[in-house]
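Visitor: Working from the sequences, and respecting the hints, build out all of it.
Going by this note's numbering, the first residue of the sequence shown is number 823, and it counts up by one from there.
Keep in mind that a hint or two might mislead.
To be verified - 27 Å max Cα-Cα, derived DSSO-like pairs, lysine-lysine:
no. : residue 1 : residue 2
1   : Lys917    : Lys945
2   : Lys891    : Lys919
3   : Lys1024   : Lys875
4   : Lys1097   : Lys1062
5   : Lys882    : Lys866
6   : Lys1024   : Lys945
7   : Lys919    : Lys1024
FYI, nobody ran anything at the bench for these hints, they're computed from the structure.
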Amino acid sequence: MKKITLFIAVSLLMFCMTPKIYAQQSRTERSGWLLGAQSYTFHKFTFIETVDKMEKLGLKYVEVYFGQKLGEGFEGNMDFNMNTETRTRILDLVKSKGITIMACGVVICNNESEWRRLFDFAKSMGIKVITSEPAATDLDLVEKLADQYNIDIAFHNHPQPSPYWNPDLLLTALKGRSQHMGSCADVGHWKRMGIDPVEALKKLEGRIRILHFKDVGEGGATAHDVIWGQGVCNVEGMLKELKRQHFNGMFSIEYEYNEENPTPDMAQCITNFQKITNKLF
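Guide: Right under this line is the structure:
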């Protein structure tokens, strides 16, 4: 009898807690903040395994990276050249998990044909943002395609000597160009390069299209990811600044530490994100 009573009590507790968790997520979603994952976080796993792990974490938005093995029942890797049947099956898979493919990248194309195939892929998959580091010689073409397809292209900031490693370089590249062109703000890479992420976000106000959101520890250029709020990126300060800007878009969790099992750390990141956003909204 005691075991039955304990089981009922635990079940009721879980039932009461679950709506609260989803209410927290819905609060940020209603404000246009979409918390999801960059699938590279799970690059040690297949895409099928990735969406399973995301479902368990309650994450509903994914940014896919190209080159990830698709997994059981599929041939090949995630690729913007995949055939129509595979694309349809991938869309059916993520839909069954309650997940939406919001973005893809980081990807760099070598010629106009590749760029057009990339944008065709994005359109067919319902993707809203392509994250990339296009060459300066491709900017006119990329701008034309972004406007034509009504898809944002967000310039990622890998560390120096990447062409867009600091916000000033990016702003120079974007000057006078389409609003479909903006920043994929990797706040961890900024910090590794000695750039204050909050100040960088301020500089890019109006141009931020998606974030590779993270926190990093001490160590400069070699600093690794840590649970959000436990590092030196000033997570709460960044979120306050993004709220001030009325940012709308995806926060991609790109957690590149404990790669064999990043899920527990990601769960803590999500919890800390919810705690901060509960105070903001």
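Visitor: Verify the proposed pairing of lysine 1024 with lysine 875, using a straight-line Cα cut of 27 Å.
Guide: Violated, at about 33 Å.
Visitor: Just to be careful, I want the Cα atoms of lysine 919 and lysine 1024 compared with a cutoff of 27 Å; is the pair within it?
Guide: 35 Å, violated
Visitor: Sort out whether lysine 1062 lies within 27 Å of lysine 1097, counting only the CA atoms.
Guide: 13 Å, holds
Visitor: Within 27 Å, alpha carbon to alpha carbon, are lysine 1024 and lysine 945?
Guide: The given pair, whose Cα atoms are some 31 Å apart, is violated under the 27 Å limit.
Visitor: Does lysine 891 pair with lysine 919 here, judged by a C-alpha cut-off of 27 Å?
Guide: 18 Å, holds
Visitor: Take the C-alpha atoms of lysine 917 and lysine 945, compute the straight-line distance between them, and say whether it is at most 27 Å.
Guide: Since the Cα atoms of lysine 917 and lysine 945 sit roughly 17 Å apart, the hinted pair holds (cutoff 27 Å).
Visitor: Regarding the pair lysine 882 and lysine 866, is the alpha-carbon distance no greater than 27 Å?
Guide: 20 Å, holds
Hints 3, 6, 7 from the earlier list are contradicted by this structure; the remaining hints agree with it.
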